[in-house]
Amino acid sequence: MISLSQVVKRYPGGYEALKQVSLEIAAGEMVCITGPSGAGKSTLLKLVAAVEKPTSGSVVVSGQNVARLRPRAVPYFRRVFGLIFQDQKLLYDRSAFDNVALPLQIQGYDSKDAARRVRAALDKVGLLGREKAMPVALSGGEQQRLCIARAIVHRPKILVADEPTGNLDARHAIELASLFRSFNQVGVTVIVATHDAQLAEALRPRHVRLEGGAIAASEHAPASAAEATPS
Amino acid sequence: MKRWLAHHGRAVTSAFRRLARAPFAALFNVLVIGIALALPVALYTVIYNVQLWSQHLPGDPQITLFLDRDATRTDAADIERKLKQRDDLKKVAFVSRDQALQELQRSTGLKDVLQGLERNPLPDAFIVEARDVSSATLEPLRAQLSKWPKVERAQLDSIWAKRLEAVLRTARIAVFVLATLLAFALVAVTFNTIRLQILTQRADIEVAQLFGATASFIRRPFLYDGALLGALGGVAGCAIVGGTVVLLNRELAPLSDLYGMLVALRPVVWTDLLAVFAFSGFLGWMGAWLSVSRHLASTASR
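For the record, the sequence lines run as chains W and X.
127 is the number that numbering that gives the first Met the number 0 gives to position 128 of the first sequence; each next residue is one higher, with no gaps.
293 is the number that numbering that gives the first Met the number 0 gives to position 294 of the second sequence; each next residue is one higher, with no gaps.
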């Protein structure tokens with residue numbers, strides 16, 4: 000489903016974030032990308048979601064080459080993804096409900112249908128009672144879960160999370176891991192970039208380790224690992 | 000269709016909401032545009048009024064020959080015969096001094112004043128129209144006729160109408176140029192206003208883009224903002240000119256009574272308002288379009 004081959008990303012100024020990275024991710028797979036900061040984890044995710052374009056090499060998602068995507072096609076391409084960002088990117092002048100409703104508004108859902116889906120997503124992350132709250136009124140863990148609700152509300156095929164635990168404590172990391180696993184179980188491809196060993200451990204997915212812009216290790220978890228491990 | 004309506008409905012409400020959120024800033028923006036637009040609208044109104052007035056003037060230039068005060072009926076008949084012999088004249092009409100006095104009484108309303116005069120101060124006159132009305136032939140003709148015996152003065156009158164016409168044409172070009180310049184100014188004002196709005200909503204735009212918003216989704220609310228700003232500015236401009244005309248007309252009313260003729264500026268009417276409203280709304284829309292497009296181009300993925 001996602002295939003990177005010999006991907007190089009060089010930023011203006013010459014910094015090379017990714018050096019000849021090749022990686023295959025199958026549909027329905029859960030992949031955890033680990034590595035120290037500056038290893039190129041965020042860059043990798045940005046290339047997959049067409050936020051940035053590779054300098055060379057190809058990134059192919061569902062048969063579409065991201066580098067050759069026409070600008071007009073990019074928005075529609077992105078709707079396949081649910082994105083969770085390191086810096087959250089919540090909109091602080093809108094309620095929790097409106098934040099989650101945004102992707103549906105963009106895709107033109109009618110407001111009744113949208114409201115139902117928004118409540119379902121909020122329910123999924125345990126924020127149903129807080130839909131009218133403004134993001135600042137939510138705790139760090141709640142804000143993070145709000146981001147997840149926003150990322151899954153339009154039922155994306157691929158969930159991409161960049162450092163979802165941010166600076167949350169260990170208990171929240173476990174909570175997030177079980178959420179991600181539940182999405183993966185219903186067939187969503189999940190890609191998580193983290194330096195949080197606890198989260199990576201809790202997810203028990205396939206691990207890809209990036210170091211200095213190159214893949215240092217790629218280890219396949221046992222096929223049944225996700226099901227076998229009690230959550 | 001339903002989806003399209005929902006998108007637009009949302010954009011309109013958000014445009015009004017943003018306007019309401021910063022009413023003072025919006026008010027000043029509207030005023031800037033309004034004042035800028037008031038200039039060409041005012042000039043247009045003036046020209047329109049002058050033109051309206053000038054239509055009452057006779058179209059073809061005429062030469063009026065005023066006879067000496069002591070010219071007798073025989074002198075007049077003599078001159079008439081000489082005039083009618085010329086084949087470069089199209090029309091020769093005699094206006095006796097009595098006729099002229101009556102005409103003056105009728106058209107000016109100065110009846111009481113004129114009746115108080117001991118004797119008629121007006122001379123007999125001929126009004127002639129030449130076949131060739133170019134000023135190159137009219138002026139020599141006038142000079143020639145004025146040298147005739149018993150002719151006191153020959154006056155080329157309606158050439159004024161032509162001159163006025165030329166002046167109006169020039170003025171209309173000036174208004175056109177001014178309006179064009181100010182149209183650019185209006186686009187620039189909305190461009191910058193919308194740019195500021197974009198900067199304050201940068202985060203919203205970025206997030207919307209990351210979740211698959213198309214360029215038109217991002218653009219739409221700003222376009223409504225720009226159009227609303229321009230249109231309201233247009234209304235403000237019309238209000239400024241309309242108010243001025245009303246004030247001026249109030250001052251002109253006593254003048255009308257004094258001169259016994261209607262001296263009044265035509266007020267700004269609905270069609271003017273509608274035209275300015277649509278035009279300035281369109282310009283605002285264009286400014287916003289340019290502004291958002293520039294922003295989108297600068298944030299396109301690399």
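Fair warning: there could be bad hints in the mix.
What the hints assert, rightly or not - 35 Å max Cα-Cα, derived DSBU-like pairs, lysine-lysine:
| no. | chain 1 | residue 1 | chain 2 | residue 2 |
| --- | --- | --- | --- | --- |
| 1 | X | K1 | W | K111 |
| 2 | W | K88 | X | K1 |
| 3 | W | K52 | W | K18 |
| 4 | X | K1 | W | K156 |
| 5 | X | K161 | X | K90 |
| 6 | W | K156 | W | K88 |
| 7 | X | K1 | W | K123 |
| 8 | X | K149 | X | K161 |
| 9 | W | K131 | X | K149 |
| 10 | X | K110 | X | K83 |
| 11 | X | K161 | W | K45 |
It is worth saying that the hints were derived from the structure and are not from the lab.
A quick look at each hint next to the structure:
no., hint, result
1, X:K1 <-> W:K111, "13 Å, holds"
2, W:K88 <-> X:K1, "30 Å, holds"
3, W:K52 <-> W:K18, "14 Å, holds"
4, X:K1 <-> W:K156, "26 Å, holds"
5, X:K161 <-> X:K90, "19 Å, holds"
6, W:K156 <-> W:K88, "21 Å, holds"
7, X:K1 <-> W:K123, "29 Å, holds"
8, X:K149 <-> X:K161, "29 Å, holds"
9, W:K131 <-> X:K149, "100 Å, violated"
10, X:K110 <-> X:K83, "34 Å, holds"
11, X:K161 <-> W:K45, "72 Å, violated"
Of the hints listed earlier, those the structure fails to meet are numbers 9 and 11, in rising order.
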